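Participant: Residue strings, one per chain:
Number of protein chains: 2
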Amino acid sequence: MPIPITPSKIDKLTPIKPQGLVVVITGNGKGKTTSAMGMVLRASGHGLRTCIIQFMKGDLYSGEWDGVKLLGELVELHATGMGFCGLQDNRYTREQHRTNAQAAVELAREQMNSGRYDLLILDEINNALKLKLVDLEQVVTLINDKPERMHLVLTGRDAHPEVIELADTVSEVCEIKHAYRQKIEPQPGIDY
Amino acid sequence: MPIPITPSKIDKLTPIKPQGLVVVITGNGKGKTTSAMGMVLRASGHGLRTCIIQFMKGDLYSGEWDGVKLLGELVELHATGMGFCGLQDNRYTREQHRTNAQAAVELAREQMNSGRYDLLILDEINNALKLKLVDLEQVVTLINDKPERMHLVLTGRDAHPEVIELADTVSEVCEIKHAYRQKIEPQPGIDY
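Chains Z and A, in that order, are what the protein sequence lines are. Anchor point for the first sequence: position 6 equals 6 in the numbering used here, and the numbering is continuous, going up by one each time. Anchor point for the second sequence: position 93 equals 93 in the numbering used here, and the numbering is continuous, going up by one each time.
Next comes chain Z alone, as it looks inside the complex:
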């Protein structure tokens, strides 16, 4: 096996002013939840503690549910949702989705205020807001009440302009191509 040249020195950054960021990952492309999961892995490498609350998701298995278990006590994941509200074969009513999303917001607030986490991920909350399963005021209040040192990550397409305004870092993931358009099925490890 070829051995690449090793750097003569490895630097390590340490911020003079540690600061909890608000990060929004939106857009129609693949890689929003995935990106949030990458932050979980990275944060775990630093020994930081993460809480993930998945809105909408919970009725369809995804690999990260078992992936985070490998990270041990550093990560807690709540897949609170019941699938994507409004999708053709989703078996729950809009009212059930809303009741559920409201409980998830309450859970987010309690976890955020517990002081136990360095990173709180609200996966698909942008989507839940767009679908009016949660209210703009609830999301804005969560952002404004965030503990100073805790990072807050909000994913999902159609992020609200006011949420974008309040965020420090915002990425839009745009679909250039997607395998499903070639009728390739979702593949474990990549798509779920």
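Among the hints, erroneous ones may be present.
[Said to hold, decoys possible] In silico BS3-like cross-links for lysine-lysine, where the CA-CA straight-line distance does not exceed 30 Å:
#1 Lys183/A / Lys146/Z
#2 Lys69/Z / Lys9/A
#3 Lys132/A / Lys12/Z
#4 Lys177/Z / Lys130/A
#5 Lys183/A / Lys9/Z
#6 Lys12/Z / Lys177/A
#7 Lys146/A / Lys183/Z
#8 Lys12/A / Lys177/Z
#9 Lys12/Z / Lys183/A
#10 Lys183/Z / Lys132/A
#11 Lys12/A / Lys183/Z
#12 Lys130/A / Lys12/Z
#13 Lys69/A / Lys132/Z
#14 Lys132/A / Lys177/A
#15 Lys69/Z / Lys12/Z
#16 Lys130/A / Lys177/A
#17 Lys177/A / Lys132/Z
#18 Lys69/Z / Lys12/A
#19 Lys9/Z / Lys132/A
#20 Lys9/A / Lys132/Z
#21 Lys69/A / Lys69/Z
#22 Lys9/Z / Lys130/A
#23 Lys130/Z / Lys177/A
#24 Lys132/Z / Lys146/Z
#25 Lys146/A / Lys177/Z
#26 Lys69/Z / Lys146/Z
#27 Lys9/Z / Lys69/A
#28 Lys177/Z / Lys177/A
#29 Lys146/Z / Lys177/A
#30 Lys130/Z / Lys12/A
#31 Lys17/A / Lys177/Z
#32 Lys17/Z / Lys177/A
#33 Lys146/Z / Lys12/Z
#34 Lys12/A / Lys146/A
#35 Lys177/Z / Lys132/A
#36 Lys69/Z / Lys183/A
#37 Lys130/Z / Lys9/A
#38 Lys69/A / Lys17/Z
#39 Lys130/A / Lys183/A
#40 Lys183/Z / Lys9/A
These are computed hints drawn from the structure, not numbers from a lab. Since we're looking at a predicted model, the values are computed, not measured.
Chain Z is fixed; fit chain A onto it per the hints.
Facilitator: Just chain A now, with coordinates in the frame of chain Z:
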């Protein structure tokens, strides 16, 4: 703690035709390597084995180096690079960067052909190609020689059009906002 309603049934997808995908994550926004690391976490949850080869990166600590150790034997990471070639305070010559990137391509080829991995991530290879540290033909050959069931993920800005053409799924991560523009320092767990 509020208990969200639990879905009455959790479905699990299984592709009728398992297929290794070529995924490209490009663009100027935050969340390309991060997204790849999310795929690592997700794949690990499925019990899949991953090899990560980081081009350019290796001289500056990033949390995923320790994060993947928590995933145990499922993941192997090679941070082969010596920083971003051409950046002002990078201490290596262009020739050193190229020699190194060439060894990393060779390593990628050997790992790919070993049959040991379900997922191979070539982090920042798009960038390395753009900077001519590796050649288009080398990258195209890697893609074309990919084992059918192995997923191949190529990250980094400025993905070559021919690489995009060969890929199944391509996302462009666009910067809408970034904390560093507000002079906020990179924060561990989020930015590195």
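Participant: For each hint, tell me whether it holds in the structure or not.
Facilitator: Hints versus structure:
Annotation: proposed proximity of Lys183/A to Lys146/Z holds, straight-line Cα distance about 20 Å (limit 30 Å). Straight-line distance between C-alpha atoms of Lys69/Z and Lys9/A comes to about 21 Å, which keeps the hinted pair within the 30 Å bound. For the suggested pair Lys132/A and Lys12/Z, the alpha carbons sit about 27 Å apart, so the restraint of at most 30 Å is met. Under the criterion of a C-alpha separation no larger than 30 Å, the hint pairing Lys177/Z with Lys130/A is consistent with the structure, at around 21 Å.
A hinted pair counts as satisfied when its Cα atoms are at most 30 Å apart, and Lys183/A with Lys9/Z qualifies at roughly 26 Å. A hinted pair counts as satisfied when its Cα atoms are at most 30 Å apart, and Lys12/Z with Lys177/A qualifies at roughly 25 Å. For a cut-off of 30 Å, the pair hint linking Lys146/A to Lys183/Z stands: about 20 Å separates their Cα positions. The straight-line distance between the Cα atoms of Lys12/A and Lys177/Z is roughly 25 Å, inside the 30 Å bound, and the hint therefore holds.
A distance of roughly 19 Å separates the Cα atoms of Lys12/Z and Lys183/A; the hinted pair therefore holds under the 30 Å criterion. Taking the CA atoms of Lys183/Z and Lys132/A, the gap is about 35 Å. The hint is violated against a cut of 30 Å. A hinted pair counts as satisfied when its Cα atoms are at most 30 Å apart, and Lys12/A with Lys183/Z qualifies at roughly 19 Å. Note on Lys130/A and Lys12/Z: the hinted pairing holds, with a Cα-Cα distance of about 26 Å set against a maximum of 30 Å.
Pair hint Lys69/A plus Lys132/Z does not hold up; C-alpha atoms about 40 Å apart against a cutoff of 30 Å. Between Lys132/A and Lys177/A, the direct Cα distance comes to roughly 29 Å. Compliance with the 30 Å bound is thereby established for this hinted pair. For the proposed pair Lys69/Z and Lys12/Z, the alpha carbon gap of about 28 Å is at most 30 Å, so the pair holds. At roughly 24 Å between alpha-carbon atoms, Lys130/A and Lys177/A fall within 30 Å of each other, so this suggested pair holds.
For the hint pairing Lys177/A with Lys132/Z, the CA-to-CA distance comes to about 25 Å; that is within 30 Å, so the pair holds. At most 30 Å may separate the alpha-carbon atoms for a hinted pair to count; Lys69/Z and Lys12/A meet this at roughly 18 Å. Simply put, Lys9/Z and Lys132/A have alpha-carbon atoms about 24 Å apart, close enough for the 30 Å limit, and the pair holds. At roughly 24 Å between alpha-carbon atoms, Lys9/A and Lys132/Z fall within 30 Å of each other, so this suggested pair holds.
A threshold of 30 Å between alpha carbons decides the hint, and for Lys69/A with Lys69/Z the separation of about 14 Å falls inside it, so the pair holds. The suggested pairing of Lys9/Z with Lys130/A holds, with an alpha-carbon distance near 25 Å, which does not exceed 30 Å. Annotation: proposed proximity of Lys130/Z to Lys177/A holds, straight-line Cα distance about 21 Å (limit 30 Å). Pair hint Lys132/Z plus Lys146/Z holds up; C-alpha atoms about 22 Å apart against a cutoff of 30 Å.
Between Lys146/A and Lys177/Z, the direct Cα distance comes to roughly 19 Å. Compliance with the 30 Å bound is thereby established for this hinted pair. Between Lys69/Z and Lys146/Z the CA atoms are separated by roughly 26 Å; this keeps the pair inside 30 Å, and the hint holds. As the CA atoms of Lys9/Z and Lys69/A are separated by approximately 21 Å, the hinted pair is consistent with the 30 Å bound. Proposed proximity of Lys177/Z and Lys177/A is supported: the alpha carbons are some 24 Å apart, at most 30 Å.
Taking the CA atoms of Lys146/Z and Lys177/A, the gap is near 19 Å; set against the 30 Å cutoff, the hint holds. As the CA atoms of Lys130/Z and Lys12/A are separated by approximately 26 Å, the hinted pair is consistent with the 30 Å bound. With a C-alpha separation of about 20 Å, the suggested pair Lys17/A and Lys177/Z falls inside the 30 Å cut-off, and the hint holds. Of the supplied pair hints, the one linking Lys17/Z and Lys177/A holds, its CA atoms being roughly 20 Å apart against a limit of 30 Å.
Straight-line distance between C-alpha atoms of Lys146/Z and Lys12/Z comes to about 27 Å, which keeps the hinted pair within the 30 Å bound. As the CA atoms of Lys12/A and Lys146/A are separated by approximately 27 Å, the hinted pair is consistent with the 30 Å bound. For a cut-off of 30 Å, the pair hint linking Lys177/Z to Lys132/A stands: about 25 Å separates their Cα positions. Between the alpha carbons of Lys69/Z and Lys183/A the distance comes to roughly 35 Å, so the proposed pair goes past 30 Å and is violated.
Distance check on the hinted pair: Lys130/Z and Lys9/A sit about 25 Å apart at the alpha-carbon level, within 30 Å; holds. For a cut-off of 30 Å, the pair hint linking Lys69/A to Lys17/Z stands: about 28 Å separates their Cα positions. Proposed proximity of Lys130/A and Lys183/A is supported: the alpha carbons are some 28 Å apart, at most 30 Å. About 26 Å separates the Cα atoms of Lys183/Z and Lys9/A, which keeps this hinted pair within 30 Å; it holds.
Hint violations for this structure: numbers 10, 13 and 36, all remaining hints satisfied.
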